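Engineer: In case you want the letters, here they are:
Protein chains: 2
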Amino acid sequence: MPAPKEFLDFVDSNADAFIQRLSEAVLIKSVSGDPTYRDEVIKMSNWINQQLQAVGVQTHLADLGRHTMDGQDLPLPPAVLGRIGNDPNKKTVLVYGHFDVQPALVSDGWNTDPFKLTILPNGQLVGRGSSDDKGPVLGWLNVLQYHHQTKTPLPVNLRCCFEGMEESGSEGLDDLVKKESQPGGWFDGVDCVCISDNYWLNTRTPVLTYGLRGLSYYKINVEGPARDLHSGVFGRMVHEPMTDLIRVMGTLVDVNGKILIPGVDEMVAGADVEERQLYEKLDYSIKDVEDSIGAATALSDDKVEVLMGRMRMPSLSLHGIEGAFYGAGAKTVIPAKACTPQSPESVLPLVKAHIESEFKKLGTKNKLHLEELHGGTPWVTDINHWNFKAAKIATKAIYNQEPDMTREGGSIPVTLTFAEALGVSVLLLPMGRGDDGAHSTNEKLDRSNYIQGTKLLGTYLYEVSVAQ
Amino acid sequence: MPAPKEFLDFVDSNADAFIQRLSEAVLIKSVSGDPTYRDEVIKMSNWINQQLQAVGVQTHLADLGRHTMDGQDLPLPPAVLGRIGNDPNKKTVLVYGHFDVQPALVSDGWNTDPFKLTILPNGQLVGRGSSDDKGPVLGWLNVLQYHHQTKTPLPVNLRCCFEGMEESGSEGLDDLVKKESQPGGWFDGVDCVCISDNYWLNTRTPVLTYGLRGLSYYKINVEGPARDLHSGVFGRMVHEPMTDLIRVMGTLVDVNGKILIPGVDEMVAGADVEERQLYEKLDYSIKDVEDSIGAATALSDDKVEVLMGRMRMPSLSLHGIEGAFYGAGAKTVIPAKACTPQSPESVLPLVKAHIESEFKKLGTKNKLHLEELHGGTPWVTDINHWNFKAAKIATKAIYNQEPDMTREGGSIPVTLTFAEALGVSVLLLPMGRGDDGAHSTNEKLDRSNYIQGTKLLGTYLYEVSVAQ
Numbered sequence: 001m002p003a004p005k006e007f008l009d010f011v012d013s014n015a016d017a018f019i020q021r022l023s024e025a026v027l028i029k030s031v032s033g034d035p036t037y038r039d040e041v042i043k044m045s046n047w048i049n050q051q052l053q054a055v056g057v058q059t060h061l062a063d064l065g066r067h068t069m070d071g072q073d074l075p076l077p078p079a080v081l082g083r084i085g086n087d088p089n090k091k092t093v094l095v096y097g098h099f100d101v102q103p104a105l106v107s108d109g110w111n112t113d114p115f116k117l118t119i120l121p122n123g124q125l126v127g128r129g130s131s132d133d134k135g136p137v138l139g140w141l142n143v144l145q146y147h148h149q150t151k152t153p154l155p156v157n158l159r160c161c162f163e164g165m166e167e168s169g170s171e172g173l174d175d176l177v178k179k180e181s182q183p184g185g186w187f188d189g190v191d192c193v194c195i196s197d198n199y200w201l202n203t204r205t206p207v208l209t210y211g212l213r214g215l216s217y218y219k220i221n222v223e224g225p226a227r228d229l230h231s232g233v234f235g236r237m238v239h240e241p242m243t244d245l246i247r248v249m250g251t252l253v254d255v256n257g258k259i260l261i262p263g264v265d266e267m268v269a270g271a272d273v274e275e276r277q278l279y280e281k282l283d284y285s286i287k288d289v290e291d292s293i294g295a296a297t298a299l300s301d302d303k304v305e306v307l308m309g310r311m312r313m314p315s316l317s318l319h320g321i322e323g324a325f326y327g328a329g330a331k332t333v334i335p336a337k338a339c340t341p342q343s344p345e346s347v348l349p350l351v352k353a354h355i356e357s358e359f360k361k362l363g364t365k366n367k368l369h370l371e372e373l374h375g376g377t378p379w380v381t382d383i384n385h386w387n388f389k390a391a392k393i394a395t396k397a398i399y400n401q402e403p404d405m406t407r408e409g410g411s412i413p414v415t416l417t418f419a420e421a422l423g424v425s426v427l428l429l430p431m432g433r434g435d436d437g438a439h440s441t442n443e444k445l446d447r448s449n450y451i452q453g454t455k456l457l458g459t460y461l462y463e464v465s466v467a468q
Numbered sequence: 001m002p003a004p005k006e007f008l009d010f011v012d013s014n015a016d017a018f019i020q021r022l023s024e025a026v027l028i029k030s031v032s033g034d035p036t037y038r039d040e041v042i043k044m045s046n047w048i049n050q051q052l053q054a055v056g057v058q059t060h061l062a063d064l065g066r067h068t069m070d071g072q073d074l075p076l077p078p079a080v081l082g083r084i085g086n087d088p089n090k091k092t093v094l095v096y097g098h099f100d101v102q103p104a105l106v107s108d109g110w111n112t113d114p115f116k117l118t119i120l121p122n123g124q125l126v127g128r129g130s131s132d133d134k135g136p137v138l139g140w141l142n143v144l145q146y147h148h149q150t151k152t153p154l155p156v157n158l159r160c161c162f163e164g165m166e167e168s169g170s171e172g173l174d175d176l177v178k179k180e181s182q183p184g185g186w187f188d189g190v191d192c193v194c195i196s197d198n199y200w201l202n203t204r205t206p207v208l209t210y211g212l213r214g215l216s217y218y219k220i221n222v223e224g225p226a227r228d229l230h231s232g233v234f235g236r237m238v239h240e241p242m243t244d245l246i247r248v249m250g251t252l253v254d255v256n257g258k259i260l261i262p263g264v265d266e267m268v269a270g271a272d273v274e275e276r277q278l279y280e281k282l283d284y285s286i287k288d289v290e291d292s293i294g295a296a297t298a299l300s301d302d303k304v305e306v307l308m309g310r311m312r313m314p315s316l317s318l319h320g321i322e323g324a325f326y327g328a329g330a331k332t333v334i335p336a337k338a339c340t341p342q343s344p345e346s347v348l349p350l351v352k353a354h355i356e357s358e359f360k361k362l363g364t365k366n367k368l369h370l371e372e373l374h375g376g377t378p379w380v381t382d383i384n385h386w387n388f389k390a391a392k393i394a395t396k397a398i399y400n401q402e403p404d405m406t407r408e409g410g411s412i413p414v415t416l417t418f419a420e421a422l423g424v425s426v427l428l429l430p431m432g433r434g435d436d437g438a439h440s441t442n443e444k445l446d447r448s449n450y451i452q453g454t455k456l457l458g459t460y461l462y463e464v465s466v467a468q
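If you read the protein sequences in the order shown, they are chains A and B. Residues in the first sequence are numbered from 1 upward in steps of one, following the numbering used here. Residues in the second sequence are numbered from 1 upward in steps of one, following the numbering used here.
One or more of the hints may lead you astray.
Ranges between beta-carbon positions, derived for each pair [to be verified]:
1) B/Gly-71 to A/Lys-281: 50 to 58 Å
2) A/Ser-285 to B/Pro-35: 49 to 57 Å
3) B/Gly-71 to A/Ala-226: 42 to 50 Å
4) A/Lys-365 to B/Ala-269: 24 to 32 Å
No more than 20 Å apart at the CA atoms, straight line, and that leaves these computed lysine to aspartate or glutamate pairs for EDC-like [what the hints assert, rightly or not]:
5) A/Lys-367 to B/Glu-358
6) B/Lys-367 to A/Asp-301
7) B/Lys-367 to A/Asp-254
8) B/Lys-367 to A/Asp-63
9) B/Lys-287 to B/Asp-302
10) B/Lys-361 to A/Asp-291
11) A/Lys-367 to B/Asp-291
12) B/Lys-360 to A/Asp-254
13) B/Lys-29 to B/Asp-70
14) B/Lys-287 to A/Asp-228
15) A/Lys-258 to B/Glu-358
16) A/Lys-287 to B/Asp-228
17) A/Lys-365 to B/Glu-290
18) B/Lys-365 to A/Asp-291
Sample of chain B residues with no beta-carbon within 12 Å of chain A, all distances over it, derived [to be verified]:
19) Ala-17
20) Trp-47
21) Phe-115
22) Leu-212
23) Asp-283
24) His-354
25) Val-466
Since the hints were made in silico from the structure, they are not lab data. Quick caveat: nothing in here was measured; it's all calculated off a predicted structure. Here a beta-carbon is modelled for each residue, glycine too, at the ideal position from N, C-alpha and C.
Let the hints inform the model, and build the full structure from the sequences given.
Structural biologist: Shown next as structure tokens:
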């Protein structure tokens with residue numbers, strides 16, 4: 001069921017007002033990762049709460065308690081839950097977004113004040129949170145405003161979950177989602193979930209996302225001397241932890257990205273011709289990779305190989321070395337990162353066995369200790385579910401294009417939280433483009449993505465209401 | 001010629017006053033590496049200047065100009081030159097020391113105020129600069145005070161060179177030494193040099209030092225993406241600089257300290273039985289290594305192997321990795337350190353050839369660039385020179401022990417400056433013990449090392465006056 005023409009016209013004629021509302025949202029410096037901005041994040045909770053109430057949504061500021069950050073005891077910003085409609089003949093759709101943002105300072109390299117939305121002549125709306133994730137959250141508000149203002153009933157029962165700690169590990173959200181998914185909770189009866197918090201693969205083609213690679217994060221500790229030693233005095237007298245560590249790190253991944261830990265790459269079956277065709281069809285090229293990274297250093301000239309490296313294969317990145325930059329005997333501590341479509345639980349024993357065996361081979365007197373830091377379970381869902389079919393029809397209606405079906409290389413843990421707590425289809429329906437620079441400087445959302453994206457979210461609700 | 005008994009008695013009976021003078025010196029926070037303390041370093045130049053004048057030395061505050069540190073234009077603290085005696089029938093001895101110190105904050109882990117000399121019950125004089133190098137500089141002052149106060153002529157003509165930038169690369173000193181070594185300069189006619197600015201090998205046995213390993217410092221730059229990339233999004237899509245760098249670093253040195261760059265270890269001839277006996281005789285044990293480093297991770301159980309690793313073999317330490325700790329596409333930049341008895345000039349082509357060849361083998365699309373940072377030429381001198389013979393006799397007279405003849409693993413560049421500018425024998429005659437913690441927290445000088453060390457410096461002047 002297409003969205004009413006009146007809705008689409010309303011979005012076009014209210015575009016400037018919608019951008020004005022986005023300016024107001026960007027003005028609130030809701031940086032969740034910096035304790036000094038905590039009041040601003042809480043202010044943002046209240047702003048979202050008032051905006052939702054103003055468009056007829058019944059809301060609840062869900063207290064998530066307190067936590068410790070940088071040694072400070074702080075209140076968590078409340079999550080904003082919303083409810084509109086309770087018609088047993090309608091589907092119930094839960095939408096998720098977050099209103100906290102990454103830190104941003106002009107001195108990081110912004111061309112404009114990051115907390116003042118700047119409209120460039122090319123239509124880019126530049127400001128922290130414009131694309132990640134205030135734009136998409138306000139997209140839902142825009143949709144609701146039409147229905148409230150014109151007294152048009154929504155085609156579905158809607159539930160909202162907007163949080164203010166996404167950029168800092170979504171603290172407190174898991175428990176809240178589990179609790180509210182119980183009978184009688186705010187999410188009871190939800191039929192499907194729509195999360196708008198990722199990006200198109202490129203700058204041209206809309207996307208539906210159906211998979212996440214997951215994450216396993218490790219730290220290898222090598223300890224020898226009790227303190228840093230002068231390399232002039234102690235060089236070639238002692239086993240140096242850095243030497244040991246570098247040699248072990250060198251056994252983890254080859255220069256072409258192949259993971260050398262036995263059994264890890266092998267856990268993922270090879271792609272058959274049919275699966276390769278899925279990647280072949282995606283609107284992406286080696287030039288897109290090169291433009292994104294600013295260098296001609298893609299691992300392959302074959303776009304299918306490169307896309308499979310991102311979407312279906314595990315990847316292993318060496319992130320850095322903790323410990324003294326100067327001084328040979330530094331207590332060196334290293335995190336290595338292994339992102340795989342396998343579960344962290346199944347990967348850990350392979351990583352542990354390999355690293356311990358390589359370390360043993362060295363014959364050093366230093367000590368090894370492997371720490372598992374954090375993990376994210378991989379996720380892949382059924383792209384033939386009515387939730388995806390509805391989103392596909394809606395995308396074609398708004399963009400006149402087939403969406404690319406993608407998986408993300410990273411982890412969006414809340415996806416799994418909803419999938420597990422509710423046992424329903426979760427759809428990732430991004431609003432922004434691949435070059436929005438979400439966690440970077442000069443983050444932007446294109447005006448057309450904001451406006452067409454608002455139409456897409458509304459149209460999705462109409463299509464999902466009849467999908468099967 | 002032994003020092004007069006009156007001199008030795010004078011030192012004993014004035015010990016408390018000498019310690020009091022060391023307290024005054026420690027009180028001046030002459031941290032040369034921190035622009036905020038520059039006034040204190042200059043104050044220290046003036047203090048030393050006045051102290052020298054008070055014991056009858058003709059002095060000159062040598063202006064070294066200005067320099068830039070941390071973006072600030074600063075005056076360099078003047079070096080203090082001194083002259084006493086001009087008797088053509090006496091030898092002329094140049095003594096060197098420095099009066100600037102490393103930074104020190106209680107919060108670094110000092111048990112006491114670092115700039116207030118604290119006398120512990122075990123006789124340790126704890127304070128920044130007590131051992132490095134205010135104690136030895138004041139040792140010379142103590143010797144001069146006896147001769148001035150008792151109107152006893154010195155057995156030699158003495159020249160002093162005390163500087164205030166040693167901990168910050170001895171800026172300006174090279175040019176000054178070259179200039180003053182010319183005919184008519186302050187160092188014209190110098191017959192030998194004595195530098196007291198290093199340490200005993202252990203805590204028991206005095207030392208004469210006759211060699212330095214030298215230093216070559218490199219930085220390997222691997223550059224790929226134009227900016228940091230999200231490893232979730234770009235992992236296994238691009239050549240990661242960290243992967244390349246770790247693999248190249250892994251080819252430089254093995255876990256037992258053997259340098260894998262072809263030709264570098266081979267430049268040093270093996271030790272014959274006779275040379276091994278030199279190391280066998282040194283008062284040192286594996287337990288001394290383990291006590292120093294706080295762990296049982298010495299490279300060998302054979303003390304001769306461990307001492308040769310420090311004193312005659314090149315060593316290669318991997319110091320760290322510059323670049324983002326987080327983010328797979330970091331522009332990673334790594335310093336590797338190769339300390340060898342070979343000259344930096346002869347080592348560079350070997351290092352360059354090896355690293356470039358290993359990088360080429362990787363087949364990565366990233367770019368490599370090797371930077372040579374700084375170097376120090378190695379130095380070994382003749383231990384049978386009369387300068388060393390005199391120091392040996394003086395050591396036996398004061399400590400009733402044969403000194404250990406050592407080489408240092410690090411570099412003390414001023415040694416080479418004097419050796420080259422003057423073309424005379426340079427002796428390193430340390431005052432402090434191996435556990436003084438020169439650049440570390442709770443730096444100390446043992447009372448007995450300060451007092452016996454003062455006697456040693458004075459006795460050395462008497463022995464050197466007749467040595468041949």
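Engineer: Are the hints correct? Go through all of them and say.
Structural biologist: Right, here's what the structure says about each hint:
About 55 Å separates the C-beta atoms of B/Gly-71 and A/Lys-281, a value consistent with the hinted range of 50 to 58 Å. Checked against the hint of 49 to 57 Å, the C-beta distance between A/Ser-285 and B/Pro-35 comes to roughly 52 Å, which is consistent with it. One distance hint, 42 to 50 Å for the beta-carbon pair B/Gly-71 and A/Ala-226, is violated here, with the actual separation near 36 Å. Range check, A/Lys-365 to B/Ala-269: Cβ separation about 28 Å, and the 24 to 32 Å hint holds.
Taken as a hint, the A/Lys-367 and B/Glu-358 pair is broken in the structure, with Cα atoms around 28 Å apart against an allowance of 20 Å. Annotation: proposed proximity of B/Lys-367 to A/Asp-301 holds, straight-line Cα distance about 18 Å (limit 20 Å). Distance check on the hinted pair: B/Lys-367 and A/Asp-254 sit about 17 Å apart at the alpha-carbon level, within 20 Å; holds. At most 20 Å may separate the alpha-carbon atoms for a hinted pair to count; B/Lys-367 and A/Asp-63 exceed this at roughly 51 Å.
Restraint check: the Cα-Cα separation between B/Lys-287 and B/Asp-302 comes to about 11 Å, which is no more than 20 Å; the hinted pair holds. The straight-line distance between the Cα atoms of B/Lys-361 and A/Asp-291 is roughly 27 Å, outside the 20 Å bound, and the hint therefore fails. Pair hint A/Lys-367 plus B/Asp-291 holds up; C-alpha atoms about 18 Å apart against a cutoff of 20 Å. Among the hinted pairs, B/Lys-360 with A/Asp-254 is consistent with the structure: their alpha-carbon atoms are about 14 Å apart, no more than 20 Å.
Of the supplied pair hints, the one linking B/Lys-29 and B/Asp-70 holds, its CA atoms being roughly 19 Å apart against a limit of 20 Å. For the given pair, B/Lys-287 sits about 18 Å from A/Asp-228 by alpha-carbon distance, which is consistent with the 20 Å threshold. Annotation: proposed proximity of A/Lys-258 to B/Glu-358 holds, straight-line Cα distance about 19 Å (limit 20 Å). The straight-line distance between the Cα atoms of A/Lys-287 and B/Asp-228 is roughly 18 Å, inside the 20 Å bound, and the hint therefore holds.
In summary, the hint linking A/Lys-365 to B/Glu-290 is supported, as the alpha carbons are separated by about 12 Å, within the 20 Å threshold. At most 20 Å may separate the alpha-carbon atoms for a hinted pair to count; B/Lys-365 and A/Asp-291 meet this at roughly 15 Å. No Cβ of chain A comes within 12 Å of the Cβ of B/Ala-17; the nearest lies about 34 Å off, and the non-interface call holds. With a cut of 12 Å on Cβ distances, B/Trp-47 stays outside the contact zone with chain A, its closest approach being about 29 Å.
Residue placement check: B/Phe-115 keeps its beta carbon more than 12 Å from all beta carbons of chain A (closest about 22 Å). Once the 12 Å rule is applied to beta carbons, B/Leu-212 is inconsistent with being away from chain A; the minimum gap is 9 Å. With a closest Cβ-Cβ approach of about 16 Å to chain A, B/Asp-283 is found to remain outside the 12 Å limit, as its non-interface label requires. With 12 Å as the threshold on Cβ separation, the claim that B/His-354 sits away from chain A holds: the shortest Cβ distance comes to roughly 15 Å.
For B/Val-466, the condition that its CB be more than 12 Å from all CB atoms of chain A holds, with the nearest at approximately 35 Å.
The structure does not agree with the numbered hints 3, 5, 8, 10 and 22 stated previously, though it agrees with the rest.
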